[in-house]
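Enquirer: Taking full-length UniProt numbering, I'd label the letters of the sequence shown as residues 1 to 408.
Read the hints as simulated data drawn from the structure, not as lab findings.
Nothing here was measured: the structure is a model prediction, and the numbers come from that model.
A hint or two may mislead.
[Stated by the list, open to error] With a straight-line cut-off of 20 Å between C-alpha atoms, the simulated SDA-like cross-links for lysine to any residue are: (1) Lys304 with Leu367; (2) Lys304 with Val280; (3) Lys304 with Gly341; (4) Lys304 with Gln288; (5) Lys304 with His198; (6) Lys304 with His356; (7) Lys304 with Ala365; (8) Lys186 with Gly168; (9) Lys186 with Pro283.
[Unchecked claim] Label-pair restraints from in silico Cβ distances: (10) Ser37 with Pro70: 27 to 33 Å; (11) Thr94 with Pro21: 35 to 41 Å; (12) Asp396 with Pro275: 47 to 53 Å; (13) His79 with Pro275: 24 to 30 Å; (14) Thr166 with Arg371: 17 to 23 Å; (15) Leu196 with Gly278: 16 to 22 Å; (16) Arg56 with Val369: 52 to 58 Å; (17) Arg6 with Pro360: 33 to 39 Å.
In this text, a Cβ means the ideal position worked out from N, Cα and C, and glycines have one as well.
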Amino acid sequence: MAHYQRVGDVPPKRHTQHRDPDGNLYYEELMGEEGFSSDSSLLYHRHVPSAMVDARTWDLPDQATESNAPLAPRHLRLHDLFPGECWRDVDAVTGRRLVLGNADVRISYAVVGRPSPLYRNAVGDEVVFVESGTATVETVFGHLDVDTGDYVVIPRATTHRWVPTTGGEPLRLYAIEANSHIAPPKRYLSRYGQLLEHAPYCERDLRVPTGLDTSSPRGSDHSTTEPVEVYIKHRGNGPGGLAGSVHVVPHHPFDVVGWDGCLYPYVLNVADFEPITGRVHQPPPVHQVFEGHNFVVCNFVPRKVDYHPLAVPVPYYHSNVDSDEVMFYVAGDYEARKGSGIGIGSITLHPGGHAHGPQPSAIEASLGVERFDELAVMVDTFRPLELGEAGRAGDDGEYAWSWAGGRR
């Protein structure tokens, strides 16, 4: 996100000596994308950021996937994946369950009740949508207080952890993990990276990290002087081309006294997305909020709908020639799916090669409607998605026949 920030204690000129009050050098770290050729930030640490004293393998949550065969649209019930009170012992990193994935993106779900370990995704950026609950996301850049409806965008290799603050209620997270970087759509941006006038959100809507602790003396390390563990997801030979490692580092990585640049985690709340509407039905790209390599993220928010006197407000039937479409139903009353069993916490997968659209009864029922009260997060991918273990576990087995009134 090319939106310059400067936080804490940084020197007047980059790559020059920067010392603490006792004369000790701080250690400068460049976090940059695309080999020094894209967005970056400079962070100033009290301790050597590359220091480590041990390492071991981390067995990742099940990353295996199976083809969507025979080809079929599917309804996946996410709220059935964490029954009872089991969420109390689940964290936002090791507790993720893989729903869908391909070589470009993985979609996971977690219902969380305890803090996660320190974590670094070295494969790609993450967008984590907070379905419900509150948390603090602690990072090397500072912390982000997050709430229901927030998209939390975390750049690749950012060390962070999730700390639920919901008390006796679960924190529900919908994680979109890329094998690339994730950013606002290019058509929303000037050639220098500013969000343009026609974009449905702007820089004022973004929340950036705060609360960087610049007061601790040299030698302190975010409440402990003992070595700490950092869980790392990285490229490897496991399912999905992934592997996991745990690095034991001698000092807590949240030892940054200052940073500046254009690469950092940030938050956008879905309520700050301004919907684009028209006299007749608008195509899904008007709902786009982010993009990654070979996929896009859209959201459908409460909005005034089509106002042509003969408009049909629900979507027309459409064939996904080039993409699979994943819709996560978060809140409200989704008009196009009435009568299908879809509800809050549902996912629909509409694969490329299959025409899909509203349930037949929903078309007539939508005529004359002026407003849709719905909230959903959509991911469209340009390679076929496969089912993860959570996708298989949550499949209702019936959705494919819903347009015909049942299986023959």
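Enquirer: Name the hints, by number, that the structure is in violation of.
Expert: 3, 6, 8, 10, 12, 14 and 17
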